[in-house]
Amino acid sequence: MTSHHLISNAQTGASAARPAPVAASGLVHWARHNLFDGIHNTIFTLLCCALLIATVPDLFRWAIWDAAWTSANGADACKATTGACWAVVQEKYRLMLFGTYPYEQHWRGALVVLILGGMSIVSGFRIFWTKWLLVAWGGAWVAIFVLQLGGVFGLVSTPTHLWGGLPLTLLIFFGTVIGGLPVAILLALGRQSNLPIIKALCIGFVEMVRGVPLVTVLFMAALIFPLFVPESMTPDKFVRALIGMLMFFAAYAADIFRGGLQAIPRGQYEAAEALGLPYWQKTTRIILPQTLRIVLPALMNDIIRAFKNTTFIAIIGLFDILGATKSALEDPIWVSYGTEAYLFVIALYFVVCFSMSKYSVSLERDLNKGNVR
Amino acid sequence: MTNASDSATIELRNVNKWYGDFHVLRDINMQVGRGEKVVICGPSGSGKSTLIRCINRLEEHQEGDIIVNGVELTQNVKNIDEVRRHVGMVFQNFNLFPHLTVLDNLVLAPNLVNSVPRQDAENLAMELLERVRIPEQANKYPGQLSGGQQQRVAIARSLMMKPEVMLFDEPTSALDPEMISEVLDVMGELADDGMTMICVTHEMGFAKQVADLVVFMADGEVVEAAPPTEFFTNAQNPRTQQFLKQILSH
Chain A
1 MTSHHLISNA QTGASAARPA PVAASGLVHW ARHNLFDGIH NTIFTLLCCA
51 LLIATVPDLF RWAIWDAAWT SANGADACKA TTGACWAVVQ EKYRLMLFGT
101 YPYEQHWRGA LVVLILGGMS IVSGFRIFWT KWLLVAWGGA WVAIFVLQLG
151 GVFGLVSTPT HLWGGLPLTL LIFFGTVIGG LPVAILLALG RQSNLPIIKA
201 LCIGFVEMVR GVPLVTVLFM AALIFPLFVP ESMTPDKFVR ALIGMLMFFA
251 AYAADIFRGG LQAIPRGQYE AAEALGLPYW QKTTRIILPQ TLRIVLPALM
301 NDIIRAFKNT TFIAIIGLFD ILGATKSALE DPIWVSYGTE AYLFVIALYF
351 VVCFSMSKYS VSLERDLNKG NVR
Chain B
1001 MTNASDSATI ELRNVNKWYG DFHVLRDINM QVGRGEKVVI CGPSGSGKST
1051 LIRCINRLEE HQEGDIIVNG VELTQNVKNI DEVRRHVGMV FQNFNLFPHL
1101 TVLDNLVLAP NLVNSVPRQD AENLAMELLE RVRIPEQANK YPGQLSGGQQ
1151 QRVAIARSLM MKPEVMLFDE PTSALDPEMI SEVLDVMGEL ADDGMTMICV
1201 THEMGFAKQV ADLVVFMADG EVVEAAPPTE FFTNAQNPRT QQFLKQILSH
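Read top to bottom, the protein sequences are chains A and B.
Heads up, the first sequence is in the numbering used here, so the first residue is 1 and it goes up one at a time.
Heads up, the second sequence is in the numbering used here, so the first residue is 1001 and it goes up one at a time.
Everything labelled a hint here was simulated from the structure, so no lab data went into it.
Heads up, none of these hints are tricks.
Straight-line distance between alpha carbons at most 30 angstroms, and here's what the computed DSBU-like set of lysine-lysine pairs gives:
hint, chain 1, residue 1, chain 2, residue 2
1, B, Lys-1208, B, Lys-1162
2, B, Lys-1140, A, Lys-282
3, A, Lys-282, B, Lys-1162
4, A, Lys-358, A, Lys-308
5, B, Lys-1140, B, Lys-1162
6, A, Lys-308, A, Lys-237
7, A, Lys-237, A, Lys-326
8, A, Lys-358, A, Lys-131
9, B, Lys-1078, A, Lys-282
10, A, Lys-199, A, Lys-282
11, B, Lys-1078, A, Lys-199
12, A, Lys-308, A, Lys-326
13, A, Lys-131, A, Lys-282
14, A, Lys-131, B, Lys-1140
15, B, Lys-1162, B, Lys-1078
16, B, Lys-1140, A, Lys-358
All values derive from a computational prediction rather than experimental measurement.
Given only the sequences and the hints, what does the whole structure look like? Please build it.
Spelled out as structure tokens, the structure:
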């Protein structure tokens, strides 16, 4: 066809398909590759080793070896050592965990914590995601309020102003999230509404609550609200704090959901509409399940933050676990061992938050399994 | 083949639509008789997709009347729901629900909208998957299927509602070439079964074989409408001739 020689060429045929080459592995290979890869890397590795050698033994000595573990003789053991005073936890853990709740009734608070923890763990498994789980949660909440409030079945009445410690922290947290999520979803949907009034109300609410610090929302709920409303109509402080926390959480979560809703392709709405699905069925069966997948990481972030935000209720005079710990440490004998007590509380917070974070990652993976695009 | 408007399943009278100032549909008059197949073609931006999306009210027309199965499409939500129950639609991008299995994609709408018991809906679903030749994919998720398979699932999903009319909005445009025929085959069988169909497509082979009427649109108006034999051999309008020359030359 052309006079010059054709240079382009492709060879046909290939060997049978074979497995990919195996990458070198093993501890020595890993260390050489990651820790001693070049002069700078090696120097940095050695510096880090030196730092660890300088600090870890001291930390170990303080926290374990020299630590005082028992409060059998009051704070004597702690005074006698330079190590950590874990005795303060042994001495004060009831006060820290249950705050102002009557001492003999602490078992009720402990049961509430166990119910909430157990139900949360069960709810984490997808095989339990049936309507029976909702029934179980309903029963759990009845049991929780009976236990926590008392006044029935021969239980001593313990009104909300006596609540404190871990049960209070958990009740505020669960109330915030369980109540806040539906509100957030409604706010996000309302923002998409064709009705200008609903849209404006939703935007107004979100922007107003997001525009102020959580502390002010709580002060509003605790101090200013009762000034305008007659005392007989004022809900108690626990409820007011819960509503404040819930509104704050909902406003932030609403914007997360809004982002998720915007990420759903237009075609999903159209396919649902073309099949004749009415608004609520389209929303609950098609749009929200997909939105939830998209927003899960960001939402979990906000839920973890909501857990830590429960500490703010201390400033309006509710003794969550941190507030209860603070007041437990006002005991002059133990006042100087706050570090150890707070470390205990920190560990508690970390366990809860880290579990939620890990769970979120595994749930994400699980939900995306069938969803390879 | 009757064209008397009193036996038409779908009737469009003087339909006009604007996007802002852009006049996207201009004086559309069209009838589609029961069991007849209409293929709409035309350059992109000619308004052909907009037109069929008006027929199940995914788009709103501003002037004129659209009457489907004797029900006029207005702001009345009840009418819209009524029309959508009888009109199936297949989209260019399939629009399967990615979070549901193939089977659940099919079962969802009849189960929720028409209260068909789940077991009955599943039986019908398997029957239809058989018909589009992918029963073995029933428990997979859409993301695990090829484009051609997804589009066949989408067709089966529409058929679950037992529609009297099927709208196809460029059903093969997003497919790899080797998958186009498997979708067209399913559409052809549907046509043979007597389904009323309106297809926006550039598959002229399909139009020749299946269509009772081929409509050519450009700039929001119907430029030419004729049975395929006439349309492909004896187009009257120079724009139609130009379009056919471009589309058939390779």
